[in-house]
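Peer 1: As a plain string of letters, each chain reads:
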Amino acid sequence: MMESSEGLPQRWRAPRFAVSFIMFTLWILWAGLALADEKSVAEKIIEILRANGQISEEQYKELVKEAGKEESKPNDFRVYWKEGIRFESEDRKTEIKAGGVIQTDWAAFDPDEEVDAAFSDDDIDGHGVEFRRARLFVEGTIYENYEFKSEFEFAEGDVDFTDVWLGMKNIPYVGRIRVGHQKEPFSLEELTSSKFITFMERGLPNAFSPGRNTGLTLSNQELNGLMTWAMGAFYETDDFGDSFADFSDYQATARITGLPWYCEDGRELVHLGLSYSHKFRDSDETTVRFSARPEAHLTDARLADTGSIATDGVDLFNPEFAMVYGPFSLQGEYFQALVDSEADDYTDFYGFYVFASYFLTGEHRPYKTSSGAFDRVKPRQNFNPVKGGWGAWELGVRYSRLDLNDAGITGGREQNYTFGLNWYPNPNMRVMFNYVLAQIEDREDLGIDDADVNIFESRFQVDF
Amino acid sequence: MMESSEGLPQRWRAPRFAVSFIMFTLWILWAGLALADEKSVAEKIIEILRANGQISEEQYKELVKEAGKEESKPNDFRVYWKEGIRFESEDRKTEIKAGGVIQTDWAAFDPDEEVDAAFSDDDIDGHGVEFRRARLFVEGTIYENYEFKSEFEFAEGDVDFTDVWLGMKNIPYVGRIRVGHQKEPFSLEELTSSKFITFMERGLPNAFSPGRNTGLTLSNQELNGLMTWAMGAFYETDDFGDSFADFSDYQATARITGLPWYCEDGRELVHLGLSYSHKFRDSDETTVRFSARPEAHLTDARLADTGSIATDGVDLFNPEFAMVYGPFSLQGEYFQALVDSEADDYTDFYGFYVFASYFLTGEHRPYKTSSGAFDRVKPRQNFNPVKGGWGAWELGVRYSRLDLNDAGITGGREQNYTFGLNWYPNPNMRVMFNYVLAQIEDREDLGIDDADVNIFESRFQVDF
Amino acid sequence: MMESSEGLPQRWRAPRFAVSFIMFTLWILWAGLALADEKSVAEKIIEILRANGQISEEQYKELVKEAGKEESKPNDFRVYWKEGIRFESEDRKTEIKAGGVIQTDWAAFDPDEEVDAAFSDDDIDGHGVEFRRARLFVEGTIYENYEFKSEFEFAEGDVDFTDVWLGMKNIPYVGRIRVGHQKEPFSLEELTSSKFITFMERGLPNAFSPGRNTGLTLSNQELNGLMTWAMGAFYETDDFGDSFADFSDYQATARITGLPWYCEDGRELVHLGLSYSHKFRDSDETTVRFSARPEAHLTDARLADTGSIATDGVDLFNPEFAMVYGPFSLQGEYFQALVDSEADDYTDFYGFYVFASYFLTGEHRPYKTSSGAFDRVKPRQNFNPVKGGWGAWELGVRYSRLDLNDAGITGGREQNYTFGLNWYPNPNMRVMFNYVLAQIEDREDLGIDDADVNIFESRFQVDF
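Residue numbers (my numbering), protein chains in the order written: chain A, 1 to 464; chain B, 465 to 928; chain C, 929 to 1392.
Next comes chain A alone, as it looks inside the complex (with noise of 0.2 Å):
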């Protein structure tokens, strides 16, 4: 200790001090009055003192240069938890978060016959435990202009990438610029966080949904948060954010939000949006394929499924409709895919989720203004097996359907009744049930006429 303690660096100064220092000097121009609780307790009793005539002008002096020297950097961080640890720079030019997601999941698959049969290889009949995601990550604010976020997904054992990209923000007029692997904007499912969507899975017509590529966005809010727009441009990139390509791969996507009623912070409101995007093909070289999973990740059986299509471009649009109205929320979406096949006739299909969400506690789904999506539940208290507090309990019902029959195109018709239970112990944890009825039709390619699967799925969440 001795020998260290010596030459201790001024880093442990307090930075008050400095601050008081300086806002003594104003003082003394200001009669101190405007600023005198930006003095520190001993600032204060030094003051006093001199005041009271109880020390020297010198012992005043010197504490003065005393309480000057006790400074500490700008960029000392403060840190402290919230949802997560945090790094914040005095000046909030600076701030870094760090963290990470588990989910862990179980499900029991009970299918008809027919399905079984049909996708006797992607683990539809059965049970099984997976961790749907596993995830680290680093963001932050630098520089007061700067941000950045590198997050890796480890789930089934290699590294894919979702948040990784870098940018600039507070720019005047454009708002937000970003580059590298982010969700291209559209559709407020997707783009509300894994970790706060009402149902362990996104709905059936997610299958439409871009997702995260490669590209560049620009991104801003308008009047006060009560509006939010996006738009980007990217490649068609694999889970590793990378692609090489001699033809044309690319699609340029965009979304507006507003919120025509928004009150009581947010515990009562109504959002809309509207999303599009369009893929840039080339027929010769390219295909664009729709799939999706029924509602549960741990079987591979894509009941819907178009196949491979050969296009020159896709069009999608996306509506957005959400209302929350306190415990109460409602939330629907619908989507439409033009596919410009090669007998440049438009091969469509559509699909759309409704879904209604009650926290039997009181709570409310938050709402994030800054981006138009939902986001993290907060249990008005936690659960504790001793001292009382049941947590957050939220009841939900969804129905979703997707179709994926038209010109000649036999992906089948599905449709998906999912019943979900959700309990949030603490603001960072949450335990779910799901049961879902997935049902299949006309899926002539696999000669499905009518079939059903019934699911079970429960998931454990932490993130940090």
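Read the hints as simulated data drawn from the structure, not as lab findings. Misleading hints may appear alongside valid ones.
Calculated cross-link-like contacts (lysine-lysine; reagent style DSSO-like; alpha-carbon spacing at most 27 Å) [stated by the list, open to error]:
{"id": "1", "chain 1": "A", "residue 1": "82", "chain 2": "A", "residue 2": "195"}
{"id": "2", "chain 1": "A", "residue 1": "93", "chain 2": "C", "residue 2": "989"}
{"id": "3", "chain 1": "B", "residue 1": "659", "chain 2": "C", "residue 2": "1021"}
{"id": "4", "chain 1": "C", "residue 1": "1025", "chain 2": "A", "residue 2": "82"}
{"id": "5", "chain 1": "A", "residue 1": "378", "chain 2": "B", "residue 2": "561"}
{"id": "6", "chain 1": "A", "residue 1": "65", "chain 2": "B", "residue 2": "659"}
{"id": "7", "chain 1": "A", "residue 1": "378", "chain 2": "B", "residue 2": "557"}
A short list of chain B residues far from chain A (calculated; beta carbon distances all over 10 Å) [said to hold, decoys possible]:
{"id": "8", "residue": "521"}
{"id": "9", "residue": "574"}
{"id": "10", "residue": "761"}
{"id": "11", "residue": "810"}
{"id": "12", "residue": "849"}
{"id": "13", "residue": "906"}
All C-beta atoms, glycine included, are put in the ideal place defined by N, C-alpha and C.
For chain A, the structure is supplied; the task is to place chains B and C on it using the hints.
Peer 2: Frame of chain A; chains B and C shown alone:
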């Protein structure tokens, strides 16, 4: 709050202003004696100046008000090093650790001709280097009663899941619940972290340990840590914690341990333990296989190997013994596996190991009462070439045996003699040297009657 | 600064009390003069109040006792931002850094017909995006004399090992010892971090650099950093730091550098260096291969490629030159490889590059004396669209040549002309644009006589 702030690190003193302020009000009532030490220097000064009538009531009030302001949020972290980075909130209700481990190994093998011939594909003849372990983790306690761990293994270029779980603790009677990928509660040596085991690899019969799988465990300690118990149910999962099956692939495992003798903070103790595990299987679908490397991981040769055995179920028994007497310690375990194969008669395999360890520098093997396993060795003095200090030096010798021959199965009989020297320059690093003489007998399926392999291996390890 | 200092964490004050207390004891003995400035404001106040006789001895003692309590452990971390997150203990004996890097690239290729034909499988014709690097790391100094680094590369979806080592430093005479996966001490350009190199890819002859392998290095700096030396022995390992062989696959490498001219803190310098490496091989078993991409990583085409050459050993020579003169800098290296092939006569390959760089905004290329390589560029002013400030702008031009034709080997002769523009908006980000004209000659095995590839590429980089 109160009792926790007692032994509170002093740099968290700011919050104590708040406390002090409240305390002070009480102090007025209670003559201020009881809680005087809750005060800070500045507070003290204020009180004294007032007591001396050197400041006016107004000045006094102003100062006290100021003191009240100097409050930090209870979720502010103290960040410090304690064999790793620690983030700890004032109230101890939130604690995060982050870190990892590196083990870089070298090994050289000198096998008998017949072994070399039999395992020509398995790198049994030659030398090499590998990263035995390269892990990163984040773990923590949040909201006082909840905990999680997220650790991944990067060795060999993919991402294996080690401890990836979430849970709840401080549950009356039950103690702890953990859900996710974790070690089944079986075998003292298996449950002692690979960072802290005495030899580079665990003994041969570790082949019987279920290791890590995805499931749910309950555990607790009783009698102030003189006893621990744990039980769990698991699916047999792959390296990534996943599994899917339409047949039975789960297992139940339990362990109980006790310390009939424990004194001088663990410098002297006797540990007894018993583990039991049952694999529920279905012989039409499932098989079980036991095999072992010769206590060196750089080779892939499984000198002893039953191959796959169709089975309806497997019983595993494992009594444990360990004693520590100052720098000297003994440890031994016996393992028995009863495989219920078609012919309905039990196929019977067994193994055991026993080793002695001695610290030339006087340290002892630390025992962790909460888990009933051994813990990190801390040298009395770190190695320092300039100022002196040798770190800790440990000698170890082990005999281990594995018998996989029974009822027509000719997995072979193997015994290993292992001599080890460990150097701990500081609490987070160690250098290990092992010599292993591996002898394999009666491995009829490979036509090996009796053959040896000489192995020299070393490890450089840091964990942080 | 000013406005942000409102909610400043108070916690950085405490350690100073501890020191003050110790200091104070000494002060009593030494009349308190020598170390007076070690005191805190509160301490000062106490002393003065006493000196003024405004507090009684009892009060004085009580206050001093209180001050003594306010002590923090020496392992408490200061956490701050300095081009990354830093954790630093009060006594500087423990320092941890954690962070990573993102490099997201775009490139477009326009090859001559014959090249496109010859490398049809290697993505040489077209455009694409990739994450060139996506890494996370933790590194640190612990217990004053020990260090480690654990960095992993996630690009392309697996986990490659970059710097994964542990070591000891401050060793008399020897300096540093490091064991694990690390760069062999060879070539200025190779040893300059990929985060800081002037062009998107290193020059063609980097094909000769051994890069990273698993082994042991000794290194030190002499003459106050005017000289560095390093030497090491390594196994030739895979991307994960592993190797196994029953023949010779190790190599020895050494490097020495000096600064004949160095002034103005590195704004003016001349760097000279020499590296040598020998691969110990066994021609019955082992081969060596040299090949290079055309200074663009998005293609897999190795325009120049010797193919595998059976060899008993390889000698590598590499003289280095670099100079910095304010914003202007020059750098060049020559590489020679002597391959001892069966026919016992040496097959002789060589290459070299030379480049010039100029900072339009007046910065200079920072040189790191401890490693004898170049370091992070820090713009004089960060880019800010509102407040002004352009960041740093750098122009670069490079010529590099690689000759892999000799003694019947027709790996081809390649030369690249590269033009680069770098923009550093802040110390942790940069945007790079490169145009490369790659010319390949005499690649007889592919029937390429003389052909060109035009390459446009850009990179967005953040490191944190």
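Peer 1: Indicate, hint by hint, whether the structure satisfies it.
Peer 2: Checked hints:
For the suggested pair residue 82 of chain A and residue 195 of chain A, the alpha carbons sit about 16 Å apart, so the restraint of at most 27 Å is met. Taking the CA atoms of residue 93 of chain A and residue 989 of chain C, the gap is near 43 Å; set against the 27 Å cutoff, the hint is violated. For the suggested pair residue 659 of chain B and residue 1021 of chain C, the alpha carbons sit about 23 Å apart, so the restraint of at most 27 Å is met. For the suggested pair residue 1025 of chain C and residue 82 of chain A, the alpha carbons sit about 22 Å apart, so the restraint of at most 27 Å is met.
Of the supplied pair hints, the one linking residue 378 of chain A and residue 561 of chain B holds, its CA atoms being roughly 24 Å apart against a limit of 27 Å. For the proposed pair residue 65 of chain A and residue 659 of chain B, the alpha carbon gap of about 51 Å is over 27 Å, so the pair is violated. Proximity of residue 378 of chain A to residue 557 of chain B is assessed by CA-CA distance (about 18 Å); at most 27 Å being required, the pair is judged to hold. Even its closest Cβ contact with chain A, about 12 Å, leaves residue 521 of chain B beyond 10 Å, as expected for a residue assigned away from the interface.
Residue placement check: residue 574 of chain B keeps its beta carbon more than 10 Å from all beta carbons of chain A (closest about 34 Å). In this structure residue 761 of chain B is separated from chain A by more than 10 Å, as the shortest Cβ-Cβ distance comes to about 19 Å. Annotated as non-interface, residue 810 of chain B keeps its C-beta farther than 10 Å from every C-beta of chain A; the closest such distance is 28 Å. Interface exclusion of residue 849 of chain B from chain A stands, the closest Cβ pair being 18 Å apart, more than 10 Å.
For residue 906 of chain B, the requirement that its beta carbon stay farther than 10 Å from each beta carbon of chain A is met, with the minimum near 37 Å.
Of the numbered hints listed earlier, those contradicted by the structure are 2 and 6.
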